[in-house]
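S.K.: Chain E is already provided as a structure; the job is to place chain X on it using the hints.
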Amino acid sequence: MGRRPPRLASLLLERLAPGNDPLRGDLEEEFAGGRTSAWYWTQVISAIAQQGPLAVRARGLVAAENFVTGIITLVLIGFYAVFVVNVTEWLLRFEGVRVWEWIPNALGPLDGLASVMTFALGLAAGRWIRTRGRANRVAMIVAFGGATMLCASAALKAVSQAVDSGAFLPGILSQVAMTAPFVIGLIGGVSTAGFRPPVVLLGLMKHPV
Amino acid sequence: MTRRLLTDFEIMILLAILRIGDEAYGVPVAREIEETTGRVVQLPAIYAALDRLEGQGLVESRLGESTAQRGGRAKKYFSLTPVGIDSVRDTRKALTALWARLPQLT
Numbered sequence: 001m002g003r004r005p006p007r008l009a010s011l012l013l014e015r016l017a018p019g020n021d022p023l024r025g026d027l028e029e030e031f032a033g034g035r036t037s038a039w040y041w042t043q044v045i046s047a048i049a050q051q052g053p054l055a056v057r058a059r060g061l062v063a064a065e066n067f068v069t070g071i072i073t074l075v076l077i078g079f080y081a082v083f084v085v086n087v088t089e090w091l092l093r094f095e096g097v098r099v100w101e102w103i104p105n106a107l108g109p110l111d112g113l114a115s116v117m118t119f120a121l122g123l124a125a126g127r128w129i130r131t132r133g134r135a136n137r138v139a140m141i142v143a144f145g146g147a148t149m150l151c152a153s154a155a156l157k158a159v160s161q162a163v164d165s166g167a168f169l170p171g172i173l174s175q176v177a178m179t180a181p182f183v184i185g186l187i188g189g190v191s192t193a194g195f196r197p198p199v200v201l202l203g204l205m206k207h208p209v
Numbered sequence: 210m211t212r213r214l215l216t217d218f219e220i221m222i223l224l225a226i227l228r229i230g231d232e233a234y235g236v237p238v239a240r241e242i243e244e245t246t247g248r249v250v251q252l253p254a255i256y257a258a259l260d261r262l263e264g265q266g267l268v269e270s271r272l273g274e275s276t277a278q279r280g281g282r283a284k285k286y287f288s289l290t291p292v293g294i295d296s297v298r299d300t301r302k303a304l305t306a307l308w309a310r311l312p313q314l315t
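Protein sequences, first through last, are from chains E and X. Under the numbering used here, the residues of the first sequence are numbered 1 to 209, in order. Under the numbering used here, the residues of the second sequence are numbered 210 to 315, in order.
Source of the hints: derived by calculation from the structure; they are not laboratory data. Hints are supplied without guarantee of correctness; some may be wrong.
Said to hold, decoys possible - Listed next, with one range per pair, are the computed distances between beta-carbon atoms:
id	chain 1	residue 1	chain 2	residue 2	range
1	X	261	E	33	22 to 32 Å
2	E	14	X	214	32 to 42 Å
3	X	275	E	49	19 to 29 Å
4	X	260	E	11	29 to 39 Å
5	E	4	X	288	49 to 59 Å
6	X	275	E	7	12 to 22 Å
7	X	311	E	33	17 to 27 Å
8	X	306	E	8	13 to 23 Å
9	E	15	X	309	31 to 41 Å
Positions of the beta carbon are idealized from the N, C-alpha and C atoms, including for glycine.
Here chain E stands alone, though its shape is the one from the complex (with noise of 0.2 Å):
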């Protein structure tokens, strides 16, 4: 086994100036034939001086792209939830059927141990959507967007009820006290299966949700 270059100067060579094996097999062959760590560490610098202004202009635009896809994404399956609540709920009011009540209670007994376990709620589906976007992207977005859905529509009930009952900040208070942990927690949920929490809120993923 040969001597392994300074791991922290491979880390920068590999996150800064990216997707240059060769070069970085020339750097590991030479260290392992006796060069030492300064020279190592300045083939690293003059690496990154050279690619690395390119490579995060290029990841810079990658993240603005992923990150306007995804706030389209969410506009539209805000619209949609709006949409599909509305008509569903006017076209059961003929029938008697209330679908405000279907959807889970924001504002109900649970309190506090309700936004853990939406937090807890969103870790997992977060976890289990990254999982499974892996092996199939349309389970990825099917899953997002029916959380998002969910979401979107316990706040129109908590709006709803809000300006019924005439408390309308208290009401979107408790209501972003409810959605707030499943959003942080679905979050993390991708995070942790794959991806740098700061990566995913900035919208750096490769394949944006």
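M.R.: Structure of chain X alone, referenced to chain E:
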């Protein structure tokens, strides 16, 4: 069509590849330049120049074997294309002509 002349670093790399032959990848190219010219070169600079030259059609590459010593990564062998050889000739011709017309250097 007038081809652009090569920079000093590019001509050194191309000449090193010609001197090494079939086994020209990053490490021997760098070593050849260092031993022949005494100039210290960085491997990333060589790869950046080779990428540029490959994009211009002056060199071509093929992936070779990978070894444990290289962390399992393949070597990338370079060779000159006919266009690359013509560029080397053009650059030598231009430099030779310039040298020939120099007054005596003190």
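S.K.: Tell me, which hint numbers fail for this structure?
M.R.: 4, 5, 7, 8, 9
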